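Asker: The residues making up each chain are set out below.
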Amino acid sequence: MKPNHHATTPRVDDIDPTFEPWEPSRPIPIFLLAVLIALALGGVGMYLSDLAPWADAGASDPVASIPAAPVTQAAPASPDSSTVQNAPVLVHAGRGSVWSCASCHGDQGQGAGSTPRLAGLDETYLAKQLRDFAAETRLNESMHYVARELTDQDIAEVAAYYASLPVPRLVLPQSDADLDRGRMLFEKGDWKRNVPACVSCHGDQGQGVGTSFPPLAAQRPEYLFNQLAAWKGGHRHNSPQSLMDDIASRLSYRDLYAVSNYAASLPGPGADAAH
Amino acid sequence: MNRLLPLLVGAIGVLLLATLMLVILPAWQMRTAQPPEQLPPYTGQQLLGRQQYVANGCVYCHSQQPRSTGQTLFDSASGWGRASTPGDYFYDAPHLLGTMRTGPDLLNIGARMKSRDWHLTHLYQPRSIFDWSIMPSYPYLFEEKDQASPGDVVVRLPAQFQPSGGRVVVARKEVLDLVEYLLSLDRTYPASPEELQKRDRGYDQRPETALAGHAG
Numbered sequence: 000m001k002p003n004h005h006a007t008t009p010r011v012d013d014i015d016p017t018f019e020p021w022e023p024s025r026p027i028p029i030f031l032l033a034v035l036i037a038l039a040l041g042g043v044g045m046y047l048s049d050l051a052p053w054a055d056a057g058a059s060d061p062v063a064s065i066p067a068a069p070v071t072q073a074a075p076a077s078p079d080s081s082t083v084q085n086a087p088v089l090v091h092a093g094r095g096s097v098w099s100c101a102s103c104h105g106d107q108g109q110g111a112g113s114t115p116r117l118a119g120l121d122e123t124y125l126a127k128q129l130r131d132f133a134a135e136t137r138l139n140e141s142m143h144y145v146a147r148e149l150t151d152q153d154i155a156e157v158a159a160y161y162a163s164l165p166v167p168r169l170v171l172p173q174s175d176a177d178l179d180r181g182r183m184l185f186e187k188g189d190w191k192r193n194v195p196a197c198v199s200c201h202g203d204q205g206q207g208v209g210t211s212f213p214p215l216a217a218q219r220p221e222y223l224f225n226q227l228a229a230w231k232g233g234h235r236h237n238s239p240q241s242l243m244d245d246i247a248s249r250l251s252y253r254d255l256y257a258v259s260n261y262a263a264s265l266p267g268p269g270a271d272a273a274h
Numbered sequence: 000m001n002r003l004l005p006l007l008v009g010a011i012g013v014l015l016l017a018t019l020m021l022v023i024l025p026a027w028q029m030r031t032a033q034p035p036e037q038l039p040p041y042t043g044q045q046l047l048g049r050q051q052y053v054a055n056g057c058v059y060c061h062s063q064q065p066r067s068t069g070q071t072l073f074d075s076a077s078g079w080g081r082a083s084t085p086g087d088y089f090y091d092a093p094h095l096l097g098t099m100r101t102g103p104d105l106l107n108i109g110a111r112m113k114s115r116d117w118h119l120t121h122l123y124q125p126r127s128i129f130d131w132s133i134m135p136s137y138p139y140l141f142e143e144k145d146q147a148s149p150g151d152v153v154v155r156l157p158a159q160f161q162p163s164g165g166r167v168v169v170a171r172k173e174v175l176d177l178v179e180y181l182l183s184l185d186r187t188y189p190a191s192p193e194e195l196q197k198r199d200r201g202y203d204q205r206p207e208t209a210l211a212g213h214a215g
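One line per chain: the protein sequences are A and B, in this order. Per numbering that gives the first Met the number 0, residue 0 is the first one in the first sequence, and the count goes up by one each step. Per numbering that gives the first Met the number 0, residue 0 is the first one in the second sequence, and the count goes up by one each step.
Keep in mind that a hint or two might mislead.
In silico lysine to any residue, SDA-like type, Cα no more than 25 Å apart, as pairs [unchecked claim]:
#1 B/K197 x A/L40
#2 B/K172 x A/A92
#3 B/K172 x A/G95
#4 B/K144 x A/E122
#5 B/K197 x A/Q173
#6 A/K127 x B/F129
#7 B/K197 x A/A51
#8 B/K197 x A/D177
#9 B/K144 x A/G93
#10 B/K197 x A/S48
#11 B/K172 x A/R94
#12 B/K197 x B/V58
#13 B/K197 x A/D49
#14 B/K197 x A/G42
#15 B/K172 x A/V97
To give a feel for the contact side, a few chain B residues facing chain A, derived at Cβ under 8 Å [to be verified]:
#16 N1
#17 Q28
#18 L72
#19 A76
#20 G78
#21 R81
#22 A110
#23 M112
#24 K113
#25 D116
#26 R155
#27 P157
Because the hints were derived from the structure by calculation, they are not lab data. Owing to the predicted nature of the structure, the values given are computational and were not obtained by experimental measurement. In this text, a Cβ means the ideal position worked out from N, Cα and C, and glycines have one as well.
Work out the full structure: start from the sequences and follow the hints.
Answerer: Take a look at the structure:
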């Protein structure tokens, strides 16, 4: 806005209507600007190394050679044709409103993720769990849906069938569970917390004992952790004498995670000696 | 703040800066990313199913991003699988990470619920299995018929959810595609250390630290 040299006061029509004449001019101090720019550059500099492209493979990675968890690559044993032919109809075909057992638990009863392995579990144990599902003493909506439609004969047949199947080798998921702690709990327990060793009831290889103590070895780790958490939280409460309720409640979730992944990594009975 | 041109230039500059920092640089950073070897691309049917997943708004209630054990053991205890890495979503365009867990996380649903028939029953009427469920039912993905034709997939339903008069519920192609997609959701293969390095440092330890603590 050029000043009018020939007038002592500015003329109204020369004044820029958006200019506030009384607003003092306040330049941003150079120092403040310098500080802001320095901070911005410093911030960018901190993350500059993140912009390097991800170099895939090539460099020897000491981390890559340490397995995070034992991953057993299963060549799943193809089921004996006679076991498939003799299977109850429910197992592979379902009936009425009931989905086939194998559709969730796998063609060889090996389970999937948090769906448990049934192959090789004790017949009486399986039958008890099915009855508990039907009566909702054990809570699982999908299993209740199935079990409530089963007759006593269905339960007996299906339990006997799965008990007769060989224990498959599982493909285990990666986990960062502390397997050393899991092994300690499994083999020795934690008597500071009144927690007995798993082997004292479930067998020295976790293979299960009798009709009340199911195998833990080669069982899905997600399932084991899920059930231990269910006992700890009170969601599951069909353990005889509340044994598992008490044991699970005395362990931290981190410990339950550790022992689940350790137990699952153990080979089931009859695992190939060659491996 | 009363001069239009500098104002506009500044505003556009801020937007460009945001685009640079949030879009261009991250894309440049990920340009050499390779898909994990164990992750196959989606088949055509699975992609159609994925479109059904998007069209029916599943992402509004279901996430596809299990949290790491460094943050919480809850996701692991629910059987939702390991924490996901960027490579897991390599073929997911658009990604369906989701932000809500009205229902469970689904990134590994195909690893823990492999039964097509269960999914068909559940999609037709969730309350036929979970009477407390608030998930909507999707009857329009199915059709009722007087009797099934050869090749039809009949949905298993409890008696009180069956249509009257002996009619059967048959799955349409849309829901069969959708279930194919759900069954393909399995990211339980181990994540490589390079992939683990890409995870947010906020909750996770660096892989070498995490693994070193448990070395036998």
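Asker: Determine for every hint whether it applies to the structure shown.
Answerer: We went through each hint and held it up to the structure:
1. B/K197 x A/L40: Satisfied, since the Cα-Cα distance of roughly 24 Å is no more than 25 Å.
2. B/K172 x A/A92: Measuring from Cα to Cα gives roughly 22 Å; hence the hint holds.
3. B/K172 x A/G95: Distance ~22 Å between B/K172 and A/G95 Cα, so the pair holds.
4. B/K144 x A/E122: 40 Å, violated
5. B/K197 x A/Q173: 17 Å, holds
6. A/K127 x B/F129: 22 Å, holds
7. B/K197 x A/A51: 12 Å, holds
8. B/K197 x A/D177: 22 Å, holds
9. B/K144 x A/G93: 21 Å, holds
10. B/K197 x A/S48: 13 Å, holds
11. B/K172 x A/R94: 23 Å, holds
12. B/K197 x B/V58: 24 Å, holds
13. B/K197 x A/D49: 10 Å, holds
14. B/K197 x A/G42: 20 Å, holds
15. B/K172 x A/V97: Given that 25 Å is the threshold and the Cα spacing comes to 22 Å, the pair holds.
16. N1: Nearest chain A Cβ about 5 Å off; hint holds.
17. Q28: It holds, given that the least Cβ distance between B/Q28 and chain A is near 6 Å, below 8 Å.
18. L72: This hint holds: B/L72 lies near chain A, its Cβ roughly 5 Å from the closest one there, short of 8 Å.
19. A76: 4 Å, holds
20. G78: 3 Å, holds
21. R81: With a closest approach of 6 Å, the B/R81 hint holds.
22. A110: 4 Å, holds
23. M112: 7 Å, holds
24. K113: Interface hint status for B/K113: holds (5 Å vs cutoff 8 Å).
25. D116: Holds, about 4 Å.
26. R155: At about 5 Å, which falls below the 8 Å cut-off, the nearest Cβ of chain A leaves the hint on B/R155 intact, so it holds.
27. P157: 5 Å, holds
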